[in-house]
Structures are given as C-alpha cells and as structure tokens.
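Engineer: Let chain U serve as the given structure and place chain H on it in line with the hints.
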Amino acid sequence: MTATATGLTAFRAHVRDWCRTHIPVGWREAQTGVGEEEFVAFQKAWFQELRRAGFAVPHWPAEWGGGMPVAEQIVLYQELAAHDAPRLVLAFVAIHHAAATLLAAGTDEQRRRHLPAILDGEIWVQGFSEPGAGSDLAALRTTARRERGAYVVNGQKLWASGAAHADWCLLLARTDPKAPKRRGISYFLLDMRTPGIDVRPIRQATGESHFCEVFLNDVEVPAANLVGPANEGWRVAQETLGAERGMTMLELAERLGNAGFRRLVELCSRPGPGGARPIGDSPVADRLAALETEVTGLRALCRDLVERHEAGTVGRADASIVKLYYSELLQRMTDFGTEVAGLAAHTELRKPLSSSWESGAWALDFIGSWEWTIPGGTSEIQRTIIAERGLGLPREPKGA
Amino acid sequence: MNIELSEEAAEYGRQALEAFKAAGGDGLVQQAEAEPGHRAEQVAPVLAELGAWDLDARGDADELEAAAALCRSAGYWAVPYPVAERLARPADLGTDGLVVVAGTAPAGAVAGLDLRWTAVTPDGRRATAAALPPAAPPRESAFVTGLALTPLDEAGAADAALGLVLPCWTLLGMLDRAIDLAREHVLVREQFGRPLAQFQGVQFQLTDAEVERSGLEMMARYALWSGQANLPEALDDALALRLAALEAAETVFRVAHQLHGAIGFCDESPLSWISRYSQPVRRLPLGLSATRDLLARRLGRHALTGRYGDVAERVTS
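Protein sequence lines, in the order shown, are assigned to chains U and H. So that you can map any letter, position 317 of the first sequence is 317 in the working numbering, and since no number is skipped, the others follow by simple counting. The number in the working numbering is simply the position in the second sequence, starting from 1, with 400 added.
Worth flagging that the hints you see were computed from the coordinates, not collected in a lab. All figures in this text were calculated on a predicted structure; none of them were measured in a lab. Here a beta-carbon is modelled for each residue, glycine too, at the ideal position from N, C-alpha and C. Keep in mind that a hint or two might mislead.
As the list claims (entries may be wrong) - Just so you have them, the derived chain U footprint on chain H, three or more residues with Cβ under 8 Å:
no., segment
1, 540–551
2, 569–577
To be verified - Using C-beta positions, here's what the derived DEER-type ranges look like:
no., chain 1, residue 1, chain 2, residue 2, range
3, H, Glu408, U, Asn217, 53 to 59 Å
4, H, Ser614, U, Gly35, 35 to 41 Å
5, U, Ala224, H, Val588, 36 to 42 Å
6, H, Asp514, U, Arg20, 55 to 61 Å
7, U, Thr21, H, Asp608, 36 to 42 Å
8, H, Ser614, U, Arg20, 56 to 62 Å
9, U, Phe39, H, Arg583, 36 to 42 Å
10, H, Arg414, U, Arg303, 54 to 60 Å
11, U, Arg277, H, Glu554, 27 to 33 Å
12, U, Arg303, H, Asp608, 32 to 38 Å
13, U, Ser209, H, Arg414, 37 to 43 Å
14, H, Arg583, U, Ser209, 15 to 21 Å
Next up, chain U with everything else stripped away, as it sits in the complex:
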C-alpha cells in the first residue's frame, strides 16, 4: 500500500468513527413532518457539527476553513452517504454557489464579510430566474439603476428555492438595457432584509411552498455589493453555475447509490398486503439490477468528473453529461419506487426533511425529481450543450 493509500485508509476510518458517534440517531424519523422552524434549527445544528469536524466546507481554500485534498473529499462524501447522514440542504447555495462566486470574483472585503458568516450559518438564495427568463437566463429583465452610491433594483425573480429562510441573495440584474443580452447584466449581493423585498411562496403539487416569487420594488443595493465589474455579471454567473457540477454531483451520486438504493431494495423486500415480496417477481428483480448497474456507472462518471476538474482536463460537456445522467436516473428510480410502493405512497405526504432526493417517501421523491430535469439547465439545454460543445455538432439554426 502506498503512503497516500495508507493515509486515505486512515482517513476513511476516522470519518467512519466520526459518523458512528455524531450522526443523530433516528434523525429521519425525527425530521419527518416537522415544521419549518425545526427543520432550519436542525440544519444549522448539523452544519455546526460538521464544521467542528472540518467536514462542512472541505472544498473551500484552507485559509477560509477548507483545504481538504480532493481524494479525501471523495472519501468523506462516500462515508457520509454510506452512513446515511443528514444532507446540508439549507446551506447548499451558501457553501457552493455563494462561496464559489465570492472566491472567483468577490473582493477581499466581500469575502471577509461573507465567508466566515456562512460558516456561522448565513443562508443564501439564488435570484436568477424570472417569469420570462428560465432556460434563456440572459433574457432577464430585472433592472438595477445606478443612483449615487447605490443601485436601485426593480423586478421579479421566480423559483427562488428556500427564499423564505434566506439572509442574502445572489442577484442578477440588468444594468445596461441597451447592451446586447449577455453584456448588460451585473451581479449583486442582496441583503434580504432590505426594504422593498416581498417574498411570496408558490404552492406546488405536493402542497409545499418550497419555491418562492421575489418581488423587488426600488430595492437599494450599495455599490460595494456589486460582484466583479458592472455589466460583467454574466461571466461571474458562470462561476456560480459551475459550482453545481463537480463534488456536489459526486455527493448526490453516492447518496443515490448508498442509502437511496438500499431503501429501494428494502421497499421491494417488504411483504405486500398478500404476503408476497415484490423482489420475488423477476421483473422487479431485473429492474433493480438494471438500476444498480446505472448507479454504478453514474458514480464512476462523477468520480471521473471530479478528478478531471482537479487535473484541469474536464471536457466542455462533461458536467452536462453527469447532470443529465443523474437527473434522469433519479427520475426513473423514484418512479419505480412510486410504482412498487403502490397507492399508499400517494397519501404519504410527509418526508424526512434534511434527506437526500431519494428520501423513501417515493411519490414525493418522484415529483421532487423534476427539480432536476427542469431547473439548473433543463435536460433539453443539457442535450444541446452535449451536442454542440461535446460532439461538435452545428448549432440549431436561429429562428428555424
């Protein structure tokens, strides 16, 4: 065994020990059907637990509290998944999107203001999409008008997940209405306590209101909260969106392959009302085997993506391939879970919060899986990227 391999083995043992002693026993049951306040409190406490162990932001640079080698991060996420640890749902945008943006394009002052605050529990939301700007994000119409030392923002943001709990918002707004679409956009850090912000929940098919509309009426943003140069926000936003692609996908793939798949197998092994177990049916067993094969492929793809990021050899469509593969596999798996769980699953409208996308409340999980094929670049957009940037095929003719 090489020195590095020995180190990794020791690290794995350390993470395993930590998981055994720190993951709250029975957290799934305790988090099922809880109210918003309890969910937020649990998420914040779990974040601090991970932080004390050095596991909350391993991907950040060492000077800000991270600095874990990529090989160890992979081990960390494998073990957290294997031990079915709660997921950092609430802090997700803060530790990935906000941090990636600040580290890539923020000022020292902005980093000093926000990165430690994120470690202390500051919650962020992404304010990108608008009613007329979904897949075509650059069509956004929210404006930010320069007035003295500030920008005055007006417009409407849509699908801001978790905006009700957010302290800060990553905001894209148009600062030069005359410039071509992508050129006149600027990137701001918006304090959600600023007057003029109205957050309204949108009721979804599941009965929850996880997404929000955010109305912005003459909201004043200090010029110091501009990230990167004015009118260069589109470029900065690519850093934000790029944060979704590497290690976060590996974490999700490990979750799907570990506790997620185990729960699916358990479901299929449970005796039905007539006493028979679904897994005894060969079509069910075949489907499970096929899904297991696909999950194995996904995990390998994610690992490869992370390592290629590290080596600087990542292809222009690699992230899209992983996102498309994950989202459609998640959808197939949760659909299958819903089918096996039967009618009863349809009235099970409480799921363990803080769980991964495959929580075991299969009907809710299946509906939730559409949060993967639609936002963050729809499957259609991912296919276009793979065709054009990956395979080098021509672009679709304009106005065809």
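Structural biologist: The following block gives chain H in isolation, referenced to the frame of chain U:
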C-alpha cells in the same frame, strides 16, 4: 367491425365538453378540493342536464359510445365526479354505480357521495360496496377512499370489462387535455427569442406523446366495440386497453410536465391539477405492472385476437 364513434356520440361529447366548461371548467376540481362536501351539487346537475343518467351503456352501441364520449369529456376537465363509474352501473342490482376493485384493500375515487355502489373484481366476483369515510382530504387522496364489501355473486364478468373500459375513456380525455395544454404552452412560451415550439427537440417530444395518445384512442374504440359485441375476449381487451392507457399516460404526462417546466407543478397551472387527479384512475384497481401481470396470466400462451385476428388465422392456416 366498425370502431369509429358515431357522429351522434362525437357531437354529444362536444356538447358535454362545453357544458363542463360553462359549469366552471378547470375551476370545478379546484372548488371540489376546497369544498369536498359540495362536489356532487356542482357536477350532478350538469350531468342530469346532459341526460347522462338516461344513457344505458349496456344497451345499444349508440348509447355506449355516447357514454364513452361523455367520460372522455369529463376527463378533459378532470371533472371531480365518478362519471365513468356511474355510467357503468350494473343492470340488475339497483345500485348507482360500479367500481372495479382488486387486492386486499378495495378502494375507489368515490369519497363523500351519498350513493350505493357495486364492486366487481376482474374475475367477475361482485359485492355490494359502501364507501368508507375518507382518511385524508382530497388534496392528498384525490377522493379515493376505502370500500367495505359484502360479497354477492360471481356473475360480473361483463361488468368487469365495462367497468375497466369506461375509466380508460376518462383517462383518454385527461391525456387529450395534457397534450392541448403542452401544445398551447410551447406555442406561447418564448425563450431565446422564439416560441419553444420552434425547437425540433421540443416538437419531437410532443409528437411522441401524441403518437401514444392516438394509439390509445384506437385501443379504446376497439375495446368498446369488443365489449359491446360480447366477444369472449372482451375482458382481455379491456385489460389490454388499460395497460395501453397507463403506458400512454406515463409518456404524455412526463412530456407535458417537462415541457411546462416548473410552472406545471404549481397550482396556477391546470396541468398540475389534471396530473394529480389522473392518479386514481392510473393506480386503481391495479397499477401498471399489476395490470400487465394479470393480462399476461390471463392470456397464457394465447395472443390477443385484435382487429386483424381473422386475417392472422387465414395467413397461418
């Protein structure tokens, strides 16, 4: 064999579509969910006005076709009332409607209506059925509730076929609507400076959904005819229709949701309502794999006769 719906039945379906629209359209199911106690008063008068209770689905072909067309129109608006179940009522038992049940926990989307029901299993065992008080509000249960059964007889083979076929017509109407909604959405919604409908990748998804839907329509007409003609394989044809309907629903709703984007999962969007209220008919009495399993067991080593069965016989003989 003629599996075209008569012009009278088609016209009756169009009238029903307009009548449901005038009575509230998409608002019907939304209001029924908010006030489940009033759902019958909202819908039953419209059905009475349409002469629905005078239709004898077990009578001649014209009446059966009119019943099917009515179910389809009810599905189009996700009318919150068991129209198909009521139209399938047994001829000889004096009850108000028929629900096909299977498994150890019989259920139907018949909660909160003051009606007398007959239940029948796919193998023709009949029972009187009383709807139990619903365990969950319609937002969660879509009006599905448990049924308490008192066994009656084993004379329900024809009941089972009709009881399976008519709800598939309701589901067909739901798919008609889902396609219409998706089509309207991609024609109106612009991204990258043009309607989504101009992207071939979007067009192809919608065409795949439409192919499924129109295939289902043919199956629905055939199974209707097969039952009306009292063919010995009418029940197999009904199960085959159900299987096709469930498969088509998977494709159509998947495409409609994906093309709608996030709005399709919000209460503002009619698709979200149609999709949610399509669940009972897609899950009861048997879901996709259980329907497939039952059909496969019944067919054994035979095949479905189908429209061209006699042709196949001539070729092989």
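Engineer: Determine for every hint whether it applies to the structure shown.
Structural biologist: Against the structure, the hints:
Under a criterion of three residues with beta carbons nearer than 8 Å to beta carbons of chain U, the stated coverage of the segment 540–551 of chain H is upheld, 4 such residues being counted. A stretch counts as covered by a chain when three or more of its residues have a beta carbon under 8 Å from one of that chain; for the segment 569–577 of chain H and chain U the count is 0, and the coverage is violated. With their beta carbons about 57 Å apart, Glu408/H and Asn217/U fall inside the hinted range of 53 to 59 Å. Hint check: Ser614/H to Gly35/U, Cβ distance near 47 Å, so the stated range 35 to 41 Å is violated.
Between Ala224/U and Val588/H the beta carbon distance is about 41 Å. The supplied range of 36 to 42 Å therefore holds. Checked against the hint of 55 to 61 Å, the C-beta distance between Asp514/H and Arg20/U comes to roughly 58 Å, which is consistent with it. For the pair Thr21/U and Asp608/H, the beta carbons lie near 52 Å from each other, so the given range of 36 to 42 Å is not met. Judged by the Cβ atoms, the range 56 to 62 Å given for Ser614/H and Arg20/U holds: they are separated by roughly 57 Å.
Checked against the hint of 36 to 42 Å, the C-beta distance between Phe39/U and Arg583/H comes to roughly 39 Å, which is consistent with it. Checked against the hint of 54 to 60 Å, the pair Arg414/H and Arg303/U passes, with Cβ atoms roughly 58 Å apart. For the pair Arg277/U and Glu554/H, the beta carbons lie near 30 Å from each other, so the given range of 27 to 33 Å is met. At roughly 34 Å, the beta-carbon separation of Arg303/U and Asp608/H lies within the given 32 to 38 Å, and the hint holds.
Hint check: Ser209/U to Arg414/H, Cβ distance near 38 Å, so the stated range 37 to 43 Å holds. For Arg583/H and Ser209/U, the Cβ-Cβ distance of about 29 Å falls outside the hinted range of 15 to 21 Å, so the restraint is violated.
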